[in-house]
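Peer 1: Fit chain B to the supplied structure of chain A, relying on the hints for placement.
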Amino acid sequence: MRKNHLILFCLIASFLAGSFPTLAADDSIRVKVTVLRASNEGSDFDFDNDAYRDELVKLFSYKSYHQLDVKAAELQKADRSIISLPEGYELVLTYQGVEGERVMVQALVRKNTTQYVYTLLSIQNPGVVFVGGPNVKDGVLVIVLETGF
Amino acid sequence: MKNRRIDDVLKSYRGYLDEAVHDSVVRSRKKDFLAAHFRPEPFWGFQPVFLLPAIMLAAIFFLFQSLVPPRLAYIYPQPLKNVIASETQSTKEHGGFVRRFSGGQSQSGIASVAEPLRNDEFNQGLPIRVERINSQVGPTMVFQTNRDNIPVTIVWVFVGG
Chain A
-8 MRKNHLILFC LIASFLAGSF PTLAADDSIR VKVTVLRASN EGSDFDFDND AYRDELVKLF
52 SYKSYHQLDV KAAELQKADR SIISLPEGYE LVLTYQGVEG ERVMVQALVR KNTTQYVYTL
112 LSIQNPGVVF VGGPNVKDGV LVIVLETGF
Chain B
2 MKNRRIDDVL KSYRGYLDEA VHDSVVRSRK KDFLAAHFRP EPFWGFQPVF LLPAIMLAAI
62 FFLFQSLVPP RLAYIYPQPL KNVIASETQS TKEHGGFVRR FSGGQSQSGI ASVAEPLRND
122 EFNQGLPIRV ERINSQVGPT MVFQTNRDNI PVTIVWVFVG G
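Protein sequences appear in the order of chains A and B.
Our numbering puts the first residue of the first sequence at -8, with every later residue one more than the last.
Our numbering puts the first residue of the second sequence at 2, with every later residue one more than the last.
Isolated chain A (complex conformation) (with noise of 0.2 Å):
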């Protein structure tokens, strides 16, 4: 009795030994965050990645982007992450969870009691979303969410 009380047990532990890291994995993601200043003041490119350089020039009719602040977060599982951005603004990031092959993750641009944009996104990972619009002094932000790096 005592062994299959032993073997039983290691099956056990194994099996959760096994599962644990898939569980651990689901319930926090590693987010990257970029913060631009779009404008049409100068016709510089001040930004270290410069992958974005020819999306952004193709997709937006800015003449300069400024790099502001570029910070990596790991976000827990329906906990909330404050991102400071310039001006007053906040980025307030929750991830909800995995479904099927997707992480949701709710975004909010926010500033005082104001929600600028609040959106719910699924992401295939990895993935890149550019969150824009909200008025700074001399341009717009925009700011580059990057998932699954």
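Warning: the hint list may mix true and false statements.
[Stated by the list, open to error] Just some of the chain A residues that point at chain B, by a computed CB distance under 7 Å:
| no. | residue |
| --- | --- |
| 1 | Y53 |
| 2 | T105 |
| 3 | Q106 |
| 4 | V108 |
| 5 | Y109 |
| 6 | S113 |
| 7 | I114 |
| 8 | Q115 |
| 9 | G118 |
| 10 | V120 |
| 11 | F121 |
| 12 | V122 |
| 13 | G123 |
| 14 | G124 |
| 15 | N126 |
| 16 | V127 |
Rather than coming from a laboratory, the hints here were simulated on the basis of the structure.
Glycine included, every Cβ here is placed at the ideal spot set by N, Cα and C.
Peer 2: Leaving out everything else, chain B in the frame of chain A:
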């Protein structure tokens, strides 16, 4: 005999009145008096005796237009057809798809419920799906394209409308 004399007196009296009323001077003065103190007579079609029944008939006509045979339906003012802008509208310049949403609630400080997007086939197949979007400051736009096999999604808010 007596009645005949009375009739003659009345006849001459009526003749006298008739001449007095239809005298040209009296008629022109009457016309001037009416013009000075009263508005001109409306067009006969707009006189109450014709206008009110016409309005009533028109009201009955429109209220019960469903009773009119279809072949006569053209005589009714047709309601404007609802123009539903397609949610996905190709943009030749970028080769992507744009969806516009009118969002933009008043700044009441109360979080407004994000509008769920229609779960259409277009949205289903994308590597990045925008499930919900909303803004309190203006309309929003979702632009999605595929550049060199890299899915690009832009979520934009037009501050101030």
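Peer 1: So which hints don't hold here, by number, going up?
Peer 2: Per hint list: 1, 16 violated.
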